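Number of protein chains: 2
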Amino acid sequence: MLSSLPSRLRLLALRPASQTPAYQVTAEKVAAAFGRSTSPLPPYEFRLIAPDDPEMEAALARADVLIGSSVPTEAVAATRGALGLIQLTSAGVDHLVPLDWLPAGVELTSASGVHGPKVMEWAMMTLLMLHGHLPHYAAAQRRHEWSPRESSTIAGRGLLVFGTGGIGKAVADAGRVLGLVVTGVNRSGAVAPGFQRVVPTLLAAEALGEADFVVLAMPLTPETRGMMDRDAFARMKPGASFANFGRGPLVDQEALAAALESGHLGGAVIDVATPEPLPASSPLWAVPGLIITPHVSCDDPETYIDRTLDILVGNLHRRAAGLPLMNRIDRQRAY
Amino acid sequence: MLSSLPSRLRLLALRPASQTPAYQVTAEKVAAAFGRSTSPLPPYEFRLIAPDDPEMEAALARADVLIGSSVPTEAVAATRGALGLIQLTSAGVDHLVPLDWLPAGVELTSASGVHGPKVMEWAMMTLLMLHGHLPHYAAAQRRHEWSPRESSTIAGRGLLVFGTGGIGKAVADAGRVLGLVVTGVNRSGAVAPGFQRVVPTLLAAEALGEADFVVLAMPLTPETRGMMDRDAFARMKPGASFANFGRGPLVDQEALAAALESGHLGGAVIDVATPEPLPASSPLWAVPGLIITPHVSCDDPETYIDRTLDILVGNLHRRAAGLPLMNRIDRQRAY
Chain L
8 MLSSLPSRLR LLALRPASQT PAYQVTAEKV AAAFGRSTSP LPPYEFRLIA
58 PDDPEMEAAL ARADVLIGSS VPTEAVAATR GALGLIQLTS AGVDHLVPLD
108 WLPAGVELTS ASGVHGPKVM EWAMMTLLML HGHLPHYAAA QRRHEWSPRE
158 SSTIAGRGLL VFGTGGIGKA VADAGRVLGL VVTGVNRSGA VAPGFQRVVP
208 TLLAAEALGE ADFVVLAMPL TPETRGMMDR DAFARMKPGA SFANFGRGPL
258 VDQEALAAAL ESGHLGGAVI DVATPEPLPA SSPLWAVPGL IITPHVSCDD
308 PETYIDRTLD ILVGNLHRRA AGLPLMNRID RQRAY
Chain D
8 MLSSLPSRLR LLALRPASQT PAYQVTAEKV AAAFGRSTSP LPPYEFRLIA
58 PDDPEMEAAL ARADVLIGSS VPTEAVAATR GALGLIQLTS AGVDHLVPLD
108 WLPAGVELTS ASGVHGPKVM EWAMMTLLML HGHLPHYAAA QRRHEWSPRE
158 SSTIAGRGLL VFGTGGIGKA VADAGRVLGL VVTGVNRSGA VAPGFQRVVP
208 TLLAAEALGE ADFVVLAMPL TPETRGMMDR DAFARMKPGA SFANFGRGPL
258 VDQEALAAAL ESGHLGGAVI DVATPEPLPA SSPLWAVPGL IITPHVSCDD
308 PETYIDRTLD ILVGNLHRRA AGLPLMNRID RQRAY
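Top to bottom, those sequences are chains L and D. For the first sequence, counting from 1, position 206 maps to 213 in my numbering; every step adds exactly one. For the second sequence, counting from 1, position 205 maps to 212 in my numbering; every step adds exactly one.
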């Protein structure tokens, strides 16, 4: 399975740790995704397996495509079968790096973009909450305190989004719907859909000082780990606010807490934390002006797996046509 | 000043209790509003007065129009001057009822509709928060607990709005933007802009049992006081959620707390409470699944007074033309 498809596709799906039916790749969902395909694909067989199944080696040896999130990296590294493609059910790949286990002939693709509609709604909510001082009101409620603060309508304010991929674009879309001026940050500064302006990472410091809302939506890599540190928060405009839609370790949590406690930041909403789940003993829970949600901004049980399988089906067609795959993870950059 | 305008208009504005400059009616804002008028108005004089000024009686005696919120009802009842119009800077009139102090020749108009853009954004935020389980997460944060719950995208769910006036319309607009199916409730069941369906109050019980989101946006009157009681909450669909954009006393707060504590309701966000400010001793602060904000959903310091004065200017033109006034308060119904 290199630049064409075998006459019969063998699909192997990993049963996720979560027992929620919505996040299971099932024979029915695969059949539906193949059914949505507008041009024909080879017949396929489908098998579901637990990541710790003792038969994993044999199952991998006779699979063309592996689908899932908790990839058994050692078994994949050792396989000598026809495996040509791993379709992740996650947008991020940070739980699998470094990618030195990935055999040379196997391509890895993510579920990036699948989360678009849900993330866009979550971003609209988060931006309106930051603008409307909800982090302040939540903290005031913990103190049993009626403490009004003014806010007008949100339009015309500045939004800076770190990351211009699938989740960044959804955040940018939310910003545009609300009438914000949306700037993106990516490595090269290349134009990206949904953004009115994009600046390269190296020049982000100035944009950081101008934005009313700063949102993280980039992958966790060695370069991005801890990027929101004391210096970065200090560069933000007094009263500006912050959200994290990416990964917990992008943020120095002590620096975030200090920026909120000093009143430098107007508020923050984080959907990711370090570690997850955040333990009850974490001082982060009680930081003023901080709302914590438990990594749910991307959840969409009604459509998540269907949309991931649509990416897979699209990539099978691309394979058959010899085209580069969508959402292909770069082995070195690991995103 | 009955169905025409005097050759020189005498405007008297009440200084509000809040010292926030944004909520002051000033000579500059009046001049700007008259300047925005597309057809000519008589020249005017403008005076600002504190509601407890000892010269109130004399000032009222030589005013054609009174502008403000905390109307000195006794002084107005006693006035024998040319006063013909009171333009409120509030959407609600419940703080002035019964309206038996209002002289027969004086019309009373509200600022209803002024809050539209801000309320629409607040309603979008609130609906997305209810859908996204933010009341649950805020309560979980108080307990230092990482406790994910699933939610998909919001579209297609049912929103029931009690009240189809200015604030109700803004809530309906927010619902339509989010793809909700929006039903309104008003006294007569008359069609109202922004609503896909309107049912009369007497038939609201069935709609109450079908909605995913129930929002109050109606005035406080003897008929609506306490309308959300134990029976009403019990009629709501299990897991449905609730918001109050109207007035605190529309809700039996003990019944709301019980419906949340039992888990019957999925969550609630209230921007109004009884009393206001809610004292620190209130048990409401700690009710699970409840987010309380301090009566800020309608605040819009950047445009509030300007938009209120635009209503006044529009009504001066209507007076000159002998047309019925916009936002006229019915003396019996008091809304």
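Heads up, a few of these hints could be off.
Estimated spans, in silico, between C-beta atoms of each pair [as the list claims (entries may be wrong)]: (1) L:163 to D:57: 56 to 66 angstroms; (2) D:24 to L:282: 45 to 55 angstroms; (3) L:163 to D:46: 44 to 54 angstroms; (4) L:324 to D:213: 41 to 51 angstroms.
Covered stretches of chain L, as calculated for chain D (at least 3 residues, CB under 8 angstroms) [as the list claims (entries may be wrong)]: (5) 36 to 47; (6) 119 to 131; (7) 151 to 163; (8) 187 to 198.
Everything labelled a hint here was simulated from the structure, so no lab data went into it. Note that the coordinates shown come from a computational prediction; the quantities given were computed from them, not determined experimentally. We treat Cβ as the ideally placed atom computed from N, Cα and C, and that holds for glycine.
Verification of the hints:
1. Here the CB-CB span from residue 163 (chain L) to residue 57 (chain D) is close to 35 angstroms, at odds with the stated 56 to 66 angstroms.
2. Separated by about 49 angstroms at the C-beta atoms, residue 24 (chain D) and residue 282 (chain L) satisfy the suggested range of 45 to 55 angstroms.
3. Between residue 163 (chain L) and residue 46 (chain D) the C-beta distance comes to about 30 angstroms, which lies outside the given range of 44 to 54 angstroms.
4. For residue 324 (chain L) and residue 213 (chain D), the hinted distance range of 41 to 51 angstroms is satisfied, since their beta carbons lie about 49 angstroms from each other.
5. For the stretch 36 to 47 of chain L, the stated coverage by chain D is violated: 0 residues have a C-beta nearer than 8 angstroms to a C-beta of that chain, whereas at least 3 were required.
6. Residues of the stretch 119 to 131 of chain L with a Cβ under 8 angstroms from some Cβ of chain D number 5, which satisfies the need for three, so the listed coverage holds.
7. For the stretch 151 to 163 of chain L, the assignment as covered by chain D holds, since 11 residues bring a beta-carbon within under 8 angstroms of that chain's beta-carbons and 3 suffice.
8. Look at the stretch 187 to 198 of chain L against chain D: 0 of its residues bring a Cβ nearer than 8 angstroms to a Cβ of that chain, fewer than three, so the hint is violated.
Consistency with the previously given hints fails for numbers 1, 3, 5 and 8, ordered from lowest to highest.
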